[in-house]
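Protein chains in written order, with numbering that gives the first Met the number 0: chain A, 0 to 613; chain B, 0 to 613; chain C, 0 to 352; chain D, 0 to 352.
Just so you know, these hints were derived from the structure itself, not from any lab.
The reader is advised that the hints may include incorrect statements.
Listed next, the in silico BS3-like pairs over lysine-lysine satisfying Cα-Cα at most 27 Å (straight line) [said to hold, decoys possible]:
#  : chain 1 : residue 1 : chain 2 : residue 2
1  : D       : K8        : B       : K474
2  : A       : K257      : C       : K252
3  : A       : K487      : B       : K587
4  : A       : K425      : C       : K271
5  : A       : K230      : C       : K262
6  : C       : K271      : D       : K131
7  : C       : K329      : A       : K195
8  : A       : K192      : C       : K252
9  : A       : K279      : C       : K347
10 : D       : K331      : B       : K279
11 : B       : K487      : A       : K607
12 : A       : K595      : A       : K120
13 : A       : K417      : C       : K331
14 : C       : K335      : A       : K417
15 : C       : K331      : A       : K425
16 : C       : K252      : A       : K474
17 : C       : K271      : B       : K279
18 : C       : K341      : A       : K192
19 : A       : K257      : C       : K329
20 : D       : K335      : B       : K417
21 : D       : K331      : A       : K195
22 : A       : K442      : C       : K43
23 : C       : K131      : B       : K192
24 : A       : K230      : C       : K329
25 : B       : K425      : A       : K581
26 : B       : K120      : B       : K146
27 : C       : K271      : D       : K8
28 : C       : K252      : D       : K270
29 : B       : K417      : D       : K341
30 : D       : K131      : D       : K213
31 : B       : K474      : D       : K331
32 : B       : K474      : D       : K43
33 : D       : K335      : B       : K257
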Amino acid sequence: MATKDQDKEQLHSVTIRFCGDSGDGMQLTGTQFTNTSALFGNDISTYPNFPAEIRAPQGTLAGVSGFQIHFSSNNIHTAGDELDVLVAMNPAAFKTNIEDLKQNGILIVNEDAFTPNNLKKAGYIDDEDIFAPYESRIRVYKVPITKMTLTALEDFDMMAKAKERCKNMFALGLTYWIYSRPLDSTEEWLASKFGKKPEILEANIKALKAGYHFGNTIEAFQNTYEVPEAKIQPGTYRNITGNQAVAIGFVAASELAKRPLFIGSYPITPATDILQELSKYKNYGVKTFQAEDEIAGIGSAIGSAFSGHLAVTTTSGPGIALKSEFMNLAVITELPVVIADIQRGGPSTGLPTKTEQTDLLQVLYGRNGESPIPVVAAKSPSDCFEAAIEACRIAVEHMTPVVFLSDTQIAIGSEPWKLPDLSNLKEFEYDFHKDPETFAPYKRNELLARQWAVPGTPGCEHTIGGLEKEDITGKVNLSPEAHEHMTKVRAEKVQLIASKLPATEVLGESKGDLLFLGWGSTYGAIRTATEQLQAEGLKVSQVHLRHINPLPNDLEEIMRGFKQVVIPELNLGQLSMIIRSKFLIDAKGINQMNTKPLSVSDLMAKAKEFLGEL
Amino acid sequence: MATKDQDKEQLHSVTIRFCGDSGDGMQLTGTQFTNTSALFGNDISTYPNFPAEIRAPQGTLAGVSGFQIHFSSNNIHTAGDELDVLVAMNPAAFKTNIEDLKQNGILIVNEDAFTPNNLKKAGYIDDEDIFAPYESRIRVYKVPITKMTLTALEDFDMMAKAKERCKNMFALGLTYWIYSRPLDSTEEWLASKFGKKPEILEANIKALKAGYHFGNTIEAFQNTYEVPEAKIQPGTYRNITGNQAVAIGFVAASELAKRPLFIGSYPITPATDILQELSKYKNYGVKTFQAEDEIAGIGSAIGSAFSGHLAVTTTSGPGIALKSEFMNLAVITELPVVIADIQRGGPSTGLPTKTEQTDLLQVLYGRNGESPIPVVAAKSPSDCFEAAIEACRIAVEHMTPVVFLSDTQIAIGSEPWKLPDLSNLKEFEYDFHKDPETFAPYKRNELLARQWAVPGTPGCEHTIGGLEKEDITGKVNLSPEAHEHMTKVRAEKVQLIASKLPATEVLGESKGDLLFLGWGSTYGAIRTATEQLQAEGLKVSQVHLRHINPLPNDLEEIMRGFKQVVIPELNLGQLSMIIRSKFLIDAKGINQMNTKPLSVSDLMAKAKEFLGEL
Amino acid sequence: MTQAKELTKADFVSEGDVKWCPGCGDYAILSSVQTVLPTLGIPKEKFCFVSGIGCSSRFPYYMDTYGFHTIHGRAPTVASGVKLANPDLSVWVVTGDGDGLSIGGNHTVHMIRRNMDLKVLLFNNRIYGLTKGQYSPTSEQGKVTKTSLYGSIDSPLNPLSFAIASGATFAARTNAANPKHMQEILRAAAAHKGTAFIEIFQNCNIFNDGAFAKYLNKDTKAEENLFLEEGKPLLFDGETKGIVMNLDGNNPKLTVEEVDPDKAGVSKTGKKFLVHDPKNEDHTLAYLISYLGSISDPENPAAMGVLRSVDKPTYGDVLNAQEEQAVSEKGKGSLKDLVYSKDTWTVKETANA
Amino acid sequence: MTQAKELTKADFVSEGDVKWCPGCGDYAILSSVQTVLPTLGIPKEKFCFVSGIGCSSRFPYYMDTYGFHTIHGRAPTVASGVKLANPDLSVWVVTGDGDGLSIGGNHTVHMIRRNMDLKVLLFNNRIYGLTKGQYSPTSEQGKVTKTSLYGSIDSPLNPLSFAIASGATFAARTNAANPKHMQEILRAAAAHKGTAFIEIFQNCNIFNDGAFAKYLNKDTKAEENLFLEEGKPLLFDGETKGIVMNLDGNNPKLTVEEVDPDKAGVSKTGKKFLVHDPKNEDHTLAYLISYLGSISDPENPAAMGVLRSVDKPTYGDVLNAQEEQAVSEKGKGSLKDLVYSKDTWTVKETANA
Ligand SMILES: Cc1ncc(C[n+]2csc(CCOP(=O)(O)OP(=O)(O)O)c2C)c(N)n1
Ligand SMILES: Cc1ncc(C[n+]2csc(CCOP(=O)(O)OP(=O)(O)O)c2C)c(N)n1
Ligand code: SF4
Ligand code: SF4
Ligand SMILES: [Mg+2]
Ligand SMILES: [Mg+2]
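Please work from the sequences and hints to get the whole structure.
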């Protein structure tokens, strides 16, 4: 589609971060750059970075909002480690982001915002030359973005404030010029958004073009660049965040289960979106219930499962604590309910807007008694669709609560989603039990799933509850034999899930020197590192787990095919603990606890260290 | 003290279980036998077995209540595996307990209670000869206990019901006779209990003596026995349950900390006793607060810790789920609060009156984020005193929440407690911080304990909370550096506790073939098994952990001194998992999930299997 | 099981043993519920009993219906899910004074204000039974229990007032020892469309024996019970006394006055007796009546009967209406539309050959 | 820091940035609290602010006092512990409509009924602010938010009525945009011995802007605010209207009537206006007043001021009295007595030589 322009420098991949005050519209700017690049044909991956405050005082460090886009002519799997370009709309944004800009990277600042007052708010001393320490190693472009925007809009009959608000479009236009992007998709989007306010629409388009032309005109930018389209698998795509994909996945699961979806939840960052998203889908028969707390959220979901709905509840770490008692009830009553945990930084309220993988042991073990729950993890934003369906499928086919794990990075990050052929999705295999003659509440099929007879079914009346019971009849029974047997059955039932799993995929050779074993949002970084190490000729492969409980039956053999197993995690070694104890394999961890996604270069460096030790 | 009587057969150890309907007074009977034996000089250990129902319908299986006493001329550490004597007051009690009676054991039944009606309630067919299947392997004594009691009390001007209620004393008298016990301590106790009701007092004493004389008179019992007093360490003793010892331990800790004790709790079996016990101690400055739920219980405790009290909260497994979110807040705010978890059978409501060790992973990992909490476990009823003090000491000296683990077996079991020399108890080493000049809320001492300045201290005003913070100042800080640093500090602080621990005690040789590694209520059974295996010449030793987090620094070296490490637990391998993952030692589990305490003979058999494999 | 067969009490009795203490008030409640259910014209399989934890909460095990013995204090949440997923069911919540007002108080409030269309039986024995005798939120101040050896400090909650203040559309009180009355109330609750909250005085003969004796005692019951009947004046003690509204200094207060033997329906001081109107939209009067005879008002008789019963759309009704609205506005959703929404782009096979 | 120094507002302002959205109503509350505290004669170090989670709950960080930002909905429990352990402190709970009435509703009830002697500031913005705009338990029915695109179904709770029904000994309402009034109320709350519950109308200009505009708007504020003053009649709208008790069919109802311009203190229909008496032991009238102008009663003005302020022993008082009683009955306990209790026996050195 694109015609090559020999004046432009060709690049494979670029990472840009737009950052500024919460009020500066950076999320929107980033989203536009993303959409344009996606439509252009690049592979993309994004990661926004919100402040914990809703709208902290203007100009403060706490108020900085950022949006990062990685776009490429290759297939990419992360939002990028280091930045090629940093657009900083004020000193606070500069201060909190500058360290991520790579050697020789481009810094574009809105110089009008670098006032003494704003410098002070960002904690700089008034007459400090804040750029000086960087000028030797990066390329600094001070652009009077505000002033130029106002000038461009001179003739508009609008309040100055409203005009100034268009400055993000100026910045966007400028970056479009540098990276040779077309303006049309953003113009279309502006038209759909401001259709009813022609003045504002015009102003935004004017600012966008002004930015674009500014780049064209001045000589400051020696080069412009082009990132050709990627060799992307043919198909229809949309850009999607993890939380959106989870919501759609649940709706799809509801179709595959032929049961209405019920979600009982209580808002909490970063899971709230899923509830919000699903409340748009009433015309799909989705029932959303905003409960008084997390406990009521899962309680209502469990009730709806007993009543035969496809039941889910969504939360983040602190909410899991509150749901644990009910998760345990779902274990002993063997009811299908999916608990989606969108992990965030902890402990306690911790770092509510930052990413982390520190809930794994909590969802596996945070309950009294021996209480096995299957755990399924999504590895990227678009992967949430399939992972959510998989969680629901296991719940319904195996009659068990299931934990679905995602995290902030996946939840708010986005990437192109190759839309699935819906006819390939497999219906869930299960049935409501309706025959009183053959009914017993804890009678099981070959998967050890118990019979599911819902209230309203004549002749199958029965009571379930949290006390230990006798198998088959489900009658309360606290005897030694009953407890021993039921403990075993509950464990086996979960273990049996592994027998239905496909062979574990290995990225790379199935034997070698080093195996990266991962789960969750670290997928992209690990994959990128793996591919690059492979490209360097190293015998490195990757396995990324969809199922953490039960683990795939073939995992041990795969691991034993490598001299070294390395487990990168955004925690202090939670999957490591499980692997080490279960297989007595001396797996090493790469453990990062600094609120950031894993860095590819770090992974590569550490892998080489491990390889060097072999 | 006791004079040897050559007509009596000498025994080392005897285990008796009294069982009957909840209304039959079996707990009381058992307690009397215990006290008499203790005063006589035997070593003793007891374990009651309550029904889950308060008072299930008379005569039903659900209503059976039992009390087991192990008394011995040796030092003993368990309430006994198999029974030498079973006293069954009705068919339901017979049915649920007979399997525990050993080959050639003595069964005494109240034959008057084996009516068609009662047999039916216990699920027997009317004309079944229920004793027949056993008669070849046990000694059955059918005693008309009710009739004889009524006969003995013929002359008393009491309702028949009241007379019948004395039948437990008859049964007690009979067992006293068989085991050559004096009646005087029970007579004294009756006098103190019924002092104001002379009629009832006399009737009970009469029934007691009638039982004793009945044994003496009839020829049914060929032998009587004597269990000589034990070689017990000199000292003052009392019989104590685990829950009583915890309560007293907390009061002692309050003295050692020189701070009033605050307990915020919500009733739950089997932890309720501790709250009840402590509410007797208002004159010790103990504040007990029965909160509206478990969350409020720990919340109030944390508040009282912030205010400078010695803070504890007590619960069992299902309550831990509710407390987890607050436990996490205590981790990040680094406040001293002791969470006592008296474990019971799970999952969910599970088996509320049965014992289990299945909360270990929950208390270690049941929180979002990396959230380390020290864990201290008691190993027997009397040990709860020291363990409770140790938990409080760590909390206060290291400024951290601490989990104290006990379980049903310890909580309601009892044993003689050699009363400590109180002057040997060490005061806690800590200070409230009072100097504004040197104050910062997260400034730390060499143990990494932060400064504790309580509200009311002039000049040390500060705010703490659940968001990530910067060290020293404690200011909210969600930056990569702050989070990385604080994660490390929190982990190190807990790890540092290990540096203050005494060398780990090994029972037996410090090197050998097999090391039993245990924690909690399995202590007695493992110790007994270890000693017996040693007596058989096998190279078996025992380590029993007081501290599960952090583990003692010398543990690894000790374990590596043995060919095999075996970890017996009343769970599916929770400590095993930690040991295996941490040290990559192929520790084997002996895992029992049948509501019962570990059996010594089982342990010995399994140990021999493992030794055989070596 | 076919609908044709006429249901009887026996159809609602489950197999196993009932395991409450002999003499417990819970037995009578069980029996009354089993008596009333077959008379309601609802097929047996449509009943679902959901409980929390406590002696009272063992109830579902003893009913031969669908049942769920959940966790402590949380029955309203599970029951809400059961009902929202299947509005056809007759869903009953069984709870205790600890379960429903201590740990579960918040769920009780929210279930009520949402008008979830659940039938709630709160067994009030003013004690924690299952954990063997600690004070509960309905125990009188100063009560000595195992955890309050010097008397409990908390001021008690009045369950009915609590429910009415939370917006109950139906609120009633009865006594487990008065099966006839209890059955009448159960029938009224079943007939109500909306959440029906019933406080049941229930004797725990083991840990709080006699808590409600004065309502049953031959000598005192006439003066201690104020039986409410729609459209009838609030009279008691053999119609010798009644309740009047006393606007003492604009302070609305219900007080007892004696009936003027000479003038029907009027007190000795000439006041009119209140006429009971459970359908009164305004909840104030029901709220005042609920306080009569409460622990903090021992002088007066306790109101027994339906205090309030008003119409209001249920949560489920509105939820379903919204779903219908959404479908009529947007059409029944298809997964295809959802997945293949407008912001898509297509990569062709030949793009970068 | 010595007591001698006179405290000023600046003493209560903490170092760092205040991070609420520009224009948020929370700023005014912060400023008012900082203004009032130095005037109370309480040493600075005796103040402790305890909050849950929410925008409102960031409050303690901005105060230079002892503070505790706890977890969502649970501030009352921590505050209860702080206060019971040190009754000398002036302990303030800061919460929001979601924090205090949704997840934390039960703790709010129990804290109030126990009369814990805490000062409770409930910032009511009728929305979840921190999680960016979902309906809360005080949002009006039908409210469209991110989780209720077709309008919320729940009937709202009235925080003040909730508090009064839970047994509040002090209940008041004020508006963040009326600092003078707010400060008066804060002072009254501080002076009250017992739990003082204050509902503060607070504008969330980002997610629920204008929720309380009618109380501030020049054109409407006179008719929408009913300012309460002890001993004064309930008049508003420039003393042209007032509240009377209407015993319509024995149904006590507060209604608005116009002031008779000719007869002072009497309405045009000749009714007497209610005279405000916050000390009224009976809580009924305060309860009725709390409902005035609520979301379900938009016709009437909302009562602003102290609705109720009555004396009652606090939980801590009784607890301490019990401790004293225990000491006087049994003597101050000694660990020795506790450990070496009567049921002991002694094993002698020589026993089994
Ligand atoms: C989470 C949790 N906390 C505490 C308990 C212990 N518990 C069970 S029932 C109960 C109180 C029961 O009182 P109530 O609701 O009045 O029922 P009753 O037994 O009197 O019928 C308590 C505290 C529990 N099972 N689960
Ligand atoms: C256990 C838990 N659940 C949910 C959340 C997310 N959360 C934080 S504040 C809040 C609601 C805040 O609303 P409100 O109390 O009205 O305070 P506001 O922000 O409006 O001042 C929610 C749902 C949380 N932090 N913790
Ligand atoms: S303890 Fe009380 S409430 Fe529970 S079953 Fe026994 S009598 Fe009934
Ligand atoms: S979101 Fe609303 S309540 Fe929260 S700080 Fe902003 S304006 Fe205030
Ligand atoms: Mg009760
Ligand atoms: Mg709010």
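Item to complete: Below or equal to 27 Å on CA atoms is what counts here, so check K257/A against K329/C.
Response: 20 Å, holds
Practice prompt. Given the hint that K341/C pairs with K192/A, test it: the Cα-Cα distance must not exceed 27 Å.
Written response: Holds, at roughly 15 Å.
Worksheet item: Does the structure keep K271/C and K279/B at a Cα separation of 27 Å or less?
Response: 53 Å, violated
Discussion item. Given the hinted pair K331/C and K425/A, is their Cα-Cα distance within 27 Å?
Written reply: 22 Å, holds
Worksheet item: Under the criterion that the straight-line Cα-Cα distance not exceed 27 Å, is the pair K252/C, K270/D satisfied?
Response: 19 Å, holds
Worksheet item: Is it true that the CA of K417/B sits at most 27 Å from the CA of K341/D?
Response: 14 Å, holds
Worksheet item: Quick one, are K120/B and K146/B close enough, alpha carbons at most 27 Å?
Response: 21 Å, holds
Practice prompt. Take the C-alpha atoms of K335/D and K257/B, compute the straight-line distance between them, and say whether it is at most 27 Å.
Written response: Within the cut-off at roughly 15 Å; holds.
Worksheet item: Is the hinted pair K595/A and K120/A satisfied, with a Cα-Cα distance of at most 27 Å?
Response: 25 Å, holds
Worksheet entry | Distance restraint between K442/A and K43/C, which requires alpha-carbon spacing of 27 Å or less | Holds: K442/A and K43/C sit about 22 Å apart, inside 27 Å.
Worksheet item: Quick one, are K252/C and K474/A close enough, alpha carbons at most 27 Å?
Response: 52 Å, violated
Discussion item. Holds or violated: K487/B and K607/A, Cα atoms, limit 27 Å.
Written reply: 25 Å, holds
The earlier numbered hints that this structure contradicts are 2, 4, 5, 6, 8, 9, 16, 17, 21, 24, 25, 27 and 31.
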